[in-house]
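Generate coordinates for the entire structure from the input sequences, incorporating the hints supplied.
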Amino acid sequence: MTGPLHWILQVGAITKFGLLSIPQRRGAVTATVIGVAGVVAVLVGVLSIAAGFQKVMAVSGSPDSAIVLRSGADSEMVSGFGRDQTRVIGDAPGVARNDRGPLSSAELFVIINLPKRATGLDANVPLRGIESAAWQVRDDMQIVQGRMFEWGKDEVIVGSGAAREFAGLNVGSKIKVGRYEWPVVGVFSAKGGVPESEIWSDAKVLQAAYNRGDSFQSVRVRLNSPGAFQEFKDSLTSNPQLNVKVIRQSDYYVEQSETLTRLIATLGFLIAFLMAIGAVFSALNTMYSAVAARTREIATLRALGFGSGAVVVSLLIEALLLAVVGGVIGGSLAYLAFNNLHTSTMNFQSFSQVAFAFQVTPRLLVRGVVWAAVIGLIGGLFPAIRAARLPVALALREL
Amino acid sequence: MNESGTDNGALVHVDGVGKVFHRGSEDIHVLTDLHLQVPAGEFLALMGPSGSGKTTLLNLIGGLDRPTEGSVTIAGESVHQLSDRRLAGWRARHIGFVFQLYNLMPTLTTERNVELPLLLTHLSKSERKKHVAAALAMVGLSHRAGHYPRTLSGGEQQRAGIARGIVTDPTLLLCDEPTGDLDRKAGDEILKLLHALNREHGKTIIMVTHDPHAPARAARTVYLNKGQLSSEPLA
Amino acid sequence: MKYLHLVWSNLKRKKLRTSLTLLSILVAFILFGFLSAIQQALVGGVAMAGADRLIVRHKVSIIQMLPESYKARMERIPGVSLVAHQTWFGGIYQDPKKFFMQNPVVPEEFLSMFPELVLPTEQKQAWLATRTGAIVGRTTAERFHWKTGDRVPIQSSIWAQENGSRNWEFDIVGIYDGKKKGTDTTPLFFRYDYFDEARGRWGKGQVGWFTIRVADPARAAEVAKLVDQEFENSSAETKTEPEGAFVQAWASQLGNIVLIVAAILGAVFFTILLVAGNTMAQAVRERTGELGVLKAIGFTNGQVLALVLVESCLLTVLGGVLGLGLAWVMISRGDPTSGLLPMFFFPTRDLLVGLGISIALGLVTGIFPALQAMRLQVADALRGT
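Residue numbers (the numbering used here), protein chains in the order written: chain X, 108 to 506; chain U, 652 to 886; chain A, 29 to 413.
These are calculated hints, taken from the structure and not from any lab test. Cβ coordinates follow ideal geometry from the N, Cα and C atoms, glycine included. Be careful, since some hints might not be right.
[Unchecked claim] Label-pair restraints from in silico Cβ distances:
#1 A:30 - X:129: 54 to 64 Å
#2 U:667 - X:129: 43 to 53 Å
#3 A:181 - X:274: 40 to 50 Å
#4 X:443 - A:191: 53 to 63 Å
#5 A:41 - X:116: 20 to 30 Å
#6 A:190 - X:239: 48 to 58 Å
#7 A:287 - X:286: 30 to 40 Å
As structure tokens, then:
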């Protein structure tokens, strides 16, 4: 009679009694479910900011492309090359070629102030001067509206994220760069990557506007294969003419997103952790009152021969169920409220804005529900132990 | 009306009182055209079967409820006409309640329980202390002043309840089945105590009870049946 | 006050429940404190900005430099009483993750422009006398265990010396403190004359941005316009705005922090409202009979309402005070992100707001149970026992 099946039946019976009594305790139960939902919504919501930012960075760089900066520079902002150097870089072994030459784009990177649509306040928007290979050294670049700028002409195209986040970047409008006014002639996409936050012009045009002579700040190349990276890097770093650092684009963007991701993750976890502690107290409260309300019932079951283990497990199951329901509600709320919410923020490394969308990923949702389950288990454990320890005879007399 | 409110010697006048409760669409006539007068200084026992309306009548006299018809006048005050707010103040000054289940605050000591009605007066802390001590002495519970209700026996709890009822020296002490939850011996002690309070301290007491020993202690016993009073128990 | 023991004894009735509720309220207020500090760190600079100070930067963007020679021209503009400049140095000490700001400045004008930086007189003299001298804020000095007399190597990601080296060395001659609590004491400042001479050809004579003090803050907008007019149509046009507006735009570049913080706090307090409100409702339900007795004894409806409300307020205020206190202690230990939030502290104003919220929370959670208690019919309540 004491086989595992029998035991499971016991647990099932007690759990059922518990769940049936929920309507009588709806105040406390609601408080707990919503408490857990709040924790999960905030956790998932905050981390979806980091996830969204990371996603932008992750899709931006493929392992078979590389970026070359001046040695010691941690971003394009503070890097610099002359034309002779960029040529050496383009001709290095490992760089892919097409009929027009090496797939290498020497680029300029400056910042202009444009008001954010959301706030109307000035923000640092990156303006990049490119060479024609820029389209090949990046993945999945596409003009989605208007046309490409004409080489040598004072025209710009804007990334779709920039067009969305900053005022005055529609096709047909003009942007002011110093004393110049350049028309926006097209919008491009980059499958959600960093370039979408940028404004692009011909590098030569930008050089002239900024009195940069024939200098650049970075060189991006497409490699023959991901494996060609080492060869490419070695040839550059061993070249006495150059003093450069060579990074895979994928690694470069991971590095770029590190500061912000760390900030968000640190604060997000801190907040969610504190909230989780609060939710544990709330869950404890609910489950203690559940035990108190059912003292007699539990004692009756014990008197009838139900085991104390079954009581503990069934109460844990109840707490777990409530918490998981809360977790699912919280996760769904976060998903509905935040997923794909577009915004932009400052990338500390490049001093400029990056447009991104909150990403409520399945992984985050799972993480939220796991947190909920842990809250439920902790919240259920102590009350369950108390219930199991109730002296049966005493409890029967109660109430 | 004269100042003592005893226009024909009585402290409590219940005149033509009726009380109807509504349960769903059904009207339940608990009391009908009931008359009762209680002179000051009397110890009245009010007996009758369950559901006869004893407690309802006591509540009407104590101003906890209002009659559907008729009037309740106590010491010259038309109780049934007072607003809720005035009624609360009037209760605080004139009525002491003793309940069947003692109704002590489990979180307060005996002393603090007895002090409760005094919080509604303007007495200072030291004066309140004095009154509490006197009331506890009167019911013979001075040695339990600092104890919590759950550590007292039933009889002791009811003594504390009585002390709380008399601590403000009310015009009228209303007891609802004060011995109903006590064993014989403790019940007799309580009846003896109420008797003494009436005899030695001149308290006017109305006591609703089932207790067969009550008529022996009370000065007068009336019987309530089907909403009507009589001086003889039902056969 | 004579009723206080009554309220208190009710809170002690179910110690476990009261403690758990108290703890969840406490946690909510710790969070409130933390989020206040985070918000302070990210956008609080606006409040610290001087009302009489303007920031002048390159019109196109802050990263573009302005000629140092602009200073003399600005000083001639009516309404301008002082001009100082700074330049972003972008230096790293040991580890790029241990971020702090370093800027070359002209000591005299810089210190009089920013009186909120408090530097002992003899250290100021030492700075004026030492070409390679630098002063550093207390926070960073303590972080890296720097003392006056130390020589610290800093690598600039932007600026190379004439010999091509990016390694710069500075002599710490002073450690400054903030006059007010919100003053950022993480940056290091060193001398512009040393910097300008030592840096290579690139950028010589160029500075990052200017700060202007206006004689009359009421005329700040007017002066700003005059400054921008002065450099209109030059190769480096300027954009001049009040320091507060500049800081605000800077902070908002991160995103709408105020909104995010408000959303999180909203979620937290809504939850706590439910938890505490439920506790109070339960507490009132459990003692319907007792409340009936109080009324029978002669407590008025208003007094019963007040008893319940005071009880719920006592609970939330106690939780609030403890939570805010703990938050204060935790926040005083400093920035949890190692350097990203230099102005991480608990503003007094928010402390008071927190106290206000704790009282409001008590009223809101208590009001429904209190009304319920008030409306109890005595006879019904007694029957219920």
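Now for the hints, and whether the structure bears them out:
1. A:30 - X:129: 54 to 64 Å: 42 Å, violated
2. U:667 - X:129: 43 to 53 Å: 51 Å, holds
3. A:181 - X:274: 40 to 50 Å: 44 Å, holds
4. X:443 - A:191: 53 to 63 Å: Since the Cβ atoms of residue 443 of chain X and residue 191 of chain A sit about 60 Å apart, the hinted range of 53 to 63 Å holds.
5. A:41 - X:116: 20 to 30 Å: Once the Cβ atoms are compared, 38 Å apart, the range 20 to 30 Å for residue 116 of chain X and residue 41 of chain A is violated.
6. A:190 - X:239: 48 to 58 Å: 37 Å, violated
7. A:287 - X:286: 30 to 40 Å: Roughly 37 Å apart at Cβ, these two residues keep to the hinted range, so it holds.
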